[in-house]
Amino acid sequence: MTEVIYWSGWIGGLAIGTYALFQFFLTGKPLGVSSAFTDTCSLFSRLPFFQHHRSRGLSWRIWFILGIPLGSFLATATSPGPWIASLSLGPLYDSVLPGDPVAKGAVLGLGGILLGYGSRMAGGCTSGHSISGLGLLNPPSLLASIGFFSGGILMVQFLFNIL
Amino acid sequence: MKTAKKTVQSKFTGPVFLVLGGLFGFLLSRAGATTYDFYAQLFLFQNFQLVWVIGVAAGLGAVVNTLARRKHSTKPMASILTQETLDFTGKPYTKTLVPGSVIFGLGWGLAGACPGTALAMLGEGKLGSILTITGFFIGTYLYGVQESGKMKRSPSST
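Those protein sequence lines, which keep their order, are chains A and B.
With our numbering, letter number 24 in the first sequence gets 665, and the count goes up by one each step, no holes.
With our numbering, letter number 63 in the second sequence gets 426, and the count goes up by one each step, no holes.
Wrong hints could be hidden among the right ones.
Straight-line distance between alpha carbons at most 20 Å, and here's what the computed PhoX-like set of lysine-lysine pairs gives [stated by the list, open to error]:
1. Lys-458(B) x Lys-513(B)
2. Lys-670(A) x Lys-374(B)
3. Lys-670(A) x Lys-434(B)
4. Lys-670(A) x Lys-454(B)
Keep in mind that the hints were calculated from the coordinates and are not lab data.
Keep in mind the model is a prediction, meaning the values are calculated, not measured.
Model the full assembly from the supplied sequences, consistent with the hints where possible.
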């Protein structure tokens, strides 16, 4: 696994908080990620739900999610260690997830399905609700954030302490 | 005047948001949000790196947005680049918000990532994120199938 440099949590928080404000005041679009998947599906799907949300060409959200992996690649390129492609998640997760790559991939894919489906039901993900929404002191976003953390605690406690 | 602004906006949307996405991806990595085990440690109450990240980011936003909102109510502000009037209204409550957020949380704990961080993990060579990102599209598509069925039954609702 690629070794990455990371800052103290509060410095990371200041940086991401400043970034979210910067994006909002610059473009008028609050930070958010998960709606980009709806926009992407609307490029390919004729289902009424996706046609209803259709925007012309590539939406700002699609450009935004294309940028994210480029930026994190730059973050590893400026870290001392080499860039390593790996299916490892680190010692803790690797100790509870299946060792078989296919089974492991299936578990991570299932996690992704829950994230994709859940974020549409909740109207946003960690970026939209817990950074943008809490930053607006918006009660529904607080409720969603409590739900995110509750689900996370339930799942991880189950994986590490019950399973 | 208005049309000129619109042209500028559409012309620069792609490059601007590609760079913004890059900046966000870089910061997610530096904040430790692309480190899977921080999620395990967070939900096992062992390490609060990511609570600090989210808490300080949200807290800073709350202070600045509260001040900006106050100013906005007397003299409306527009976005710097696109001259769009800023909208400080948050996302609305819906009856699926709470169950949806818990389902999201279960996926968060299982995959050790959320939508933004899985995309950032991809750039770091964490290959499991490919499956997780594929899952995002499947989950979003399933939601679209379900909602499209509802739209056919009652065309007025969205």
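Results for each hint:
no. : hint                    : result
1   : Lys-458(B) x Lys-513(B) : 15 Å, holds
2   : Lys-670(A) x Lys-374(B) : 16 Å, holds
3   : Lys-670(A) x Lys-434(B) : 19 Å, holds
4   : Lys-670(A) x Lys-454(B) : 13 Å, holds
Taken one by one, the earlier hints all hold for this structure without exception.
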